Amino acid sequence: MNKITERMRERAQELLAKGEVEWVIGWEKGSLWYHSSPAFVRRPEEVERLIWDDFCANNLAKYLLDFTQLEGKVALFVKGCDSKGINRLLQDQQIEREKVYIIGITCPGVRDARKARGKGPEALETIDLEERCTFCTRPEPVIFDEIINTGEKLPGRGEKEPRDRFTEVERLLALSPDERYEFWAKQYERCLRCYACRNVCPACNCRECIFDRSQSGWCSKRIVKTENEFYGLTRALHVAGRCIECGECERVCPVGIPIMSLHRKIIKDLNELFGPYEAGLDTETPPPLGTYRTEDPDYFV
Amino acid sequence: MLKVKRDKLPQVLSVWSEEAVVYTPQEEDGVSTFRPWTGQAEVTFKPGSTVLPPKELFFPRTEEMYRYRVEGQAAFLEELSLPQQKCVLVGVRSCDARSLLLLDDVFLTKGYVDEFYRRRRENTLVVALACREALDTCFCTSLGVDPARAEGVDIQAWEKDDGYLLQATSERGKALLDKVGTLLTEVSEEPPAGARPSLEVDPEGVTEKLQRMFEHPFWDDLWHKCVGCAACTFLCPTCHCFDIQSENRGNEGFKFRCWDSCMFAEYTRMAGGHNPRPTRKERVRNRILHKLRYFPERYGKLGCVGCGRCLERCPVHMDITKIIQAIKEVALDG
Amino acid sequence: MLERVLEFIGIEPARFRVRWVSGSEGPRFAEIITQMTEEIRALGPNRKLRDVV
Numbered sequence: 000m001n002k003i004t005e006r007m008r009e010r011a012q013e014l015l016a017k018g019e020v021e022w023v024i025g026w027e028k029g030s031l032w033y034h035s036s037p038a039f040v041r042r043p044e045e046v047e048r049l050i051w052d053d054f055c056a057n058n059l060a061k062y063l064l065d066f067t068q069l070e071g072k073v074a075l076f077v078k079g080c081d082s083k084g085i086n087r088l089l090q091d092q093q094i095e096r097e098k099v100y101i102i103g104i105t106c107p108g109v110r111d112a113r114k115a116r117g118k119g120p121e122a123l124e125t126i127d128l129e130e131r132c133t134f135c136t137r138p139e140p141v142i143f144d145e146i147i148n149t150g151e152k153l154p155g156r157g158e159k160e161p162r163d164r165f166t167e168v169e170r171l172l173a174l175s176p177d178e179r180y181e182f183w184a185k186q187y188e189r190c191l192r193c194y195a196c197r198n199v200c201p202a203c204n205c206r207e208c209i210f211d212r213s214q215s216g217w218c219s220k221r222i223v224k225t226e227n228e229f230y231g232l233t234r235a236l237h238v239a240g241r242c243i244e245c246g247e248c249e250r251v252c253p254v255g256i257p258i259m260s261l262h263r264k265i266i267k268d269l270n271e272l273f274g275p276y277e278a279g280l281d282t283e284t285p286p287p288l289g290t291y292r293t294e295d296p297d298y299f300v
Numbered sequence: 000m001l002k003v004k005r006d007k008l009p010q011v012l013s014v015w016s017e018e019a020v021v022y023t024p025q026e027e028d029g030v031s032t033f034r035p036w037t038g039q040a041e042v043t044f045k046p047g048s049t050v051l052p053p054k055e056l057f058f059p060r061t062e063e064m065y066r067y068r069v070e071g072q073a074a075f076l077e078e079l080s081l082p083q084q085k086c087v088l089v090g091v092r093s094c095d096a097r098s099l100l101l102l103d104d105v106f107l108t109k110g111y112v113d114e115f116y117r118r119r120r121e122n123t124l125v126v127a128l129a130c131r132e133a134l135d136t137c138f139c140t141s142l143g144v145d146p147a148r149a150e151g152v153d154i155q156a157w158e159k160d161d162g163y164l165l166q167a168t169s170e171r172g173k174a175l176l177d178k179v180g181t182l183l184t185e186v187s188e189e190p191p192a193g194a195r196p197s198l199e200v201d202p203e204g205v206t207e208k209l210q211r212m213f214e215h216p217f218w219d220d221l222w223h224k225c226v227g228c229a230a231c232t233f234l235c236p237t238c239h240c241f242d243i244q245s246e247n248r249g250n251e252g253f254k255f256r257c258w259d260s261c262m263f264a265e266y267t268r269m270a271g272g273h274n275p276r277p278t279r280k281e282r283v284r285n286r287i288l289h290k291l292r293y294f295p296e297r298y299g300k301l302g303c304v305g306c307g308r309c310l311e312r313c314p315v316h317m318d319i320t321k322i323i324q325a326i327k328e329v330a331l332d333g
Numbered sequence: 000m001l002e003r004v005l006e007f008i009g010i011e012p013a014r015f016r017v018r019w020v021s022g023s024e025g026p027r028f029a030e031i032i033t034q035m036t037e038e039i040r041a042l043g044p045n046r047k048l049r050d051v052v
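Quick mapping for you: the protein sequence lines, in order, are chains A, B and C.
The opening residue of the first sequence carries number 0 in numbering that gives the first Met the number 0; numbering runs sequentially from there.
The opening residue of the second sequence carries number 0 in numbering that gives the first Met the number 0; numbering runs sequentially from there.
The opening residue of the third sequence carries number 0 in numbering that gives the first Met the number 0; numbering runs sequentially from there.
Next up, chain A with everything else stripped away, as it sits in the complex:
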């Protein structure tokens, strides 16, 4: 058993046994060696299910929305990127800080489970990290009550420059408008409108999404290219300035739409128009589109 797992179980056991929290949210092993899956534990004797391994990619922050009616507290484990999701929910006033017990994990990085398909556990070391980890600047959570830091780091974590994450955006910007249109039309033609991207996103925390009201007249339930694009654009703009770049939307897309390229384009623009800003670092700095400053761009006036 690795040190992080050991520590996770120890702390979960204590918190549950003392009745300090009602639930602990962590990860457990799935059927396959490269599948790790969110786990919900509420009895001290169940903590043996909890694990940490190189495939604990899921951001657990969003699950806190399921426990807002709970009287007691919920403990959850967060990686650096996940912790920004907690700040997202706090700043959006979706959860109460005192009802959450945050156990941070200084994240060694996680691997891309899709690249492990068809391989055996002996191939572990050869499996690439999740793309987001290669740009990681914050393996240590930005908000926590306690932290597990074993000093471990997978090779490749944070080795790329943060600005390199815009490489794909820049490639697309260099194309002609028609080529760009074709590119996105082809991507969204595949979209199934399964809403996995929305449902895992900590910034998508509306109590009810307009796309769940298909008879509102604003959007159509037809699963066709243009309606799918309308969905993608609407969501991208709705999380503009609030996206914490956890990359979960793109990771979970069953048909591999490069959703983060859309989100990163917006982040790049926001940085250019409103100055550097990283969503989810704290709960005080207002998001660029959620506040007014006299120096904001106003060319249209």
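Hints may contain errors.
[Unchecked claim] SDA-like cross-link-like pairs, simulated, lysine to any residue; straight-line CA separation at most 25 Å:
| hint | chain 1 | residue 1 | chain 2 | residue 2 |
| --- | --- | --- | --- | --- |
| 1 | B | K321 | A | W32 |
| 2 | B | K173 | B | E185 |
| 3 | A | K28 | B | T140 |
| 4 | B | K327 | B | R195 |
| 5 | A | K114 | A | K152 |
| 6 | B | K159 | B | A192 |
| 7 | A | K152 | A | E124 |
| 8 | A | K114 | B | V50 |
| 9 | C | K47 | A | P176 |
| 10 | B | K254 | B | Y67 |
| 11 | B | K254 | B | Q83 |
| 12 | B | K321 | A | E45 |
| 13 | B | K4 | B | E185 |
| 14 | A | K185 | B | A40 |
| 15 | B | K208 | B | A325 |
| 16 | A | K72 | A | R206 |
| 17 | B | K280 | A | R206 |
| 18 | B | K208 | A | S30 |
| 19 | A | K185 | B | G38 |
| 20 | A | K98 | B | T278 |
| 21 | A | K224 | C | G43 |
| 22 | A | K267 | A | N204 |
| 23 | A | K224 | B | Y67 |
| 24 | A | K224 | B | K254 |
| 25 | C | K47 | B | D28 |
| 26 | B | K280 | A | R41 |
| 27 | B | K280 | B | Q324 |
| 28 | B | K85 | B | A19 |
| 29 | B | K45 | A | P257 |
| 30 | B | K7 | B | E189 |
| 31 | A | K118 | B | V200 |
| 32 | A | K185 | C | F15 |
| 33 | A | K28 | A | K152 |
| 34 | B | K327 | B | N285 |
| 35 | A | K118 | B | E158 |
| 36 | A | K28 | B | R195 |
| 37 | B | K254 | A | T225 |
Since the hints were derived computationally from the structure, they do not count as laboratory data.
Every value quoted in this text rests on a predicted model; they were computed, and no experiment measured them.
The hints should help you fit chains B and C onto chain A, whose structure is shown.
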């Protein structure tokens, strides 16, 4: 047994293309699905099933049903012509072949025949391809599917290193093979055994168990990790729920149907706002019950074919094999 | 932001415009709309993101 050499396969497809659209598994941006073959010289079949199941060719994700327009006090309906296109679907795996039989039960039996589905089904011949290699997430044999021999298809094919063994399994399949007779050779080779998936579960008795479990606390814990998206149902080769809505453009409009999912809140929300499946708990329970209890109760067979798409592409790897196992382990009183 | 995103997905930016016009600035409003209409006419009909019916 008949055999086609690997390099002759495009010629076979070319002959079939004269009278039908030939669909083969093709990959684009890492996502494989059945697409029209347009003369590619390289025809390869990657191990396992396609990311998107072939159900779309019979039951499209969005489909117009009829059009209407209003002129003054008069209303006019415009029927749309039913699908005419002949198709040959090449490279369907045994799990997906089974799924078509299950969809047939839904769309063609019990007193209602879906004309759109029926036309497409009748116009399509299916050439199945045995699995030489299973994916990590395959568990077809647990559902009684034979990876080396598909049910209800027109031709069964087996891949060998130098070509494909072919056997007609229906009259129409025989006619299809006759058309390309000059490209085939008679060989005395035996079809290879199918690949046995490593993932296994025994669903024996799960339906009966579930009949006594609707109110069981088992469901209280199961749903937590589900994020409530429809990746599982939309990728499932047997999920077949749809919604029917209309859209208007001025004085005219159309009715369409599109895929819908029991994982969505809107799916069961009634006029007035009441929702009999208000949380993910009830929705997850419904998905499991539909596959493993309601479907068998209505059609006498399980609604899962063991393709493994849901557990592979689920954002949180909800795993139906684990769920079946867990259901079997639940202790019931009496 | 929307303007930039539309450009990113391949829509010509001239097709979308945001201008602040007060209710008392009738002539300015007419001028902007006339100008934009002319520019869009020059671009021709939009084929992108069209309703697929």
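Exercise. So which hints don't hold here, by number, going up?
Worked result: none
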